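Whenever a hint applies, use it, and build me the whole structure from the sequences.
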Amino acid sequence: MNREKIGVILLNLGGPDSLKAVKPFLYNLFSDKLIIRLGPSFTQKLFALIISSLRSKTVKKYYEAIGGKSPILDITNQQAKALEQLLNLDNDSNPIFKVYVGMRYWHPYIHETVNNIYNDGIKKLIALPLYPHYSITTSGSSLSVLKEAIKKYPIRLITVESWYDNPMYISALVELIKKGLERFSLSFNEQQSEKDKINVLFSAHSLPEKFIKEGDPYVEHIMGTIKKITEILDIKWHLSYQSKSGPVKWLEPSTEETIINLS
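Residue numbers (this note's numbering): 2 to 264.
A couple of the hints might just be wrong.
Calculated pairs, DMTMM-like style, for lysine to aspartate or glutamate (alpha carbon to alpha carbon, straight line, at most 20 Å) [stated by the list, open to error]:
id, residue 1, residue 2
1, K148, E162
2, K34, D166
3, K229, E176
4, K245, E210
5, K124, E149
6, K82, E65
7, K152, D166
8, K245, E257
9, K99, E5
10, K58, D93
11, K62, D18
12, K99, D75
13, K6, D121
14, K148, E113
Please keep in mind that the hints were generated in silico from the structure rather than gathered at the bench. Just so you know, these numbers come straight off a predicted model, no measurement behind them.
In structure tokens form, the structure reads like this:
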């Protein structure tokens with residue numbers, strides 16, 4: 002008996018798949034009104050064109066240093082393959098789940114993937130943004146595009162908006178911290194005074210402060226993750242923010258300043 006197939010779409014940022022793709026990728030990123038709000042559409046597009054032109058030369062150098070493209074699609078495809086295998090463990094002969102990848106700012110675009118999902122006959126779709134902590138600028142933007150793209154198709158959509166406190170996610174982070182500690186030849190079984198504890202720095206991507214003031218739960222979710230970790234591990238921790246750009250007020254402290262202050 003054939004059971005109805007269920008689709009899962011992994012939503013991610015996307016990244017240029019060649020050096021030629023860097024400028025259009027940046028244009029798409031800076032055109033997103035959920036990230037940068039500049040009034041009328043033509044103003045936004047002009048801004049995106051100027052910024053992508055100015056920054057593309059510098060950004061290309063970063064991608065040249067790592068092989069000429071972003072690794073994000075390859076990594077996300079690997080995650081999709083692994084997840085599909087795991088979901089179908091009990092149904093090898095008649096797999097129920099099919100996992101897809103949809104990117105926000107480069108190929109495969111979300112709308113392209115939705116079209117493939119429909120052509121595969123999928124009627125139920127689970128959307129899983131690969132951002133544990135919800136923000137309108139990340140998960141929110143991707144889900145907004147997905148909901149718009151899916152309107153013309155008879156597909157039932159279920160969304161997972163955040164998973165910052167998922168036990169398996171927390172467990173994975175705890176194990177990573179433990180492995181990091183082992184590099185200092187220490188373990189959590191050793192008794193340490195407060196002053197001798199190794200500092201653990203959680204570095205999150207920064208956001209303009211205005212989003213938080215408008216109710217974006219991003220920082221709350223990050224703190225929720227840290228709370229779960231520190232309920233398991235007795236660590237001395239700090240939180241900082243990285244990768245800010247532009248003249249607006251961003252979340253602080255910066256990772257650069259925090260590292261200097263801790264040194």
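The hints, checked one at a time:
| no. | hint | verdict |
| --- | --- | --- |
| 1 | K148 to E162 | holds (13 Å) |
| 2 | K34 to D166 | violated (28 Å) |
| 3 | K229 to E176 | holds (13 Å) |
| 4 | K245 to E210 | holds (11 Å) |
| 5 | K124 to E149 | holds (16 Å) |
| 6 | K82 to E65 | violated (27 Å) |
| 7 | K152 to D166 | violated (30 Å) |
| 8 | K245 to E257 | holds (11 Å) |
| 9 | K99 to E5 | holds (11 Å) |
| 10 | K58 to D93 | violated (48 Å) |
| 11 | K62 to D18 | holds (14 Å) |
| 12 | K99 to D75 | holds (17 Å) |
| 13 | K6 to D121 | holds (9 Å) |
| 14 | K148 to E113 | holds (13 Å) |
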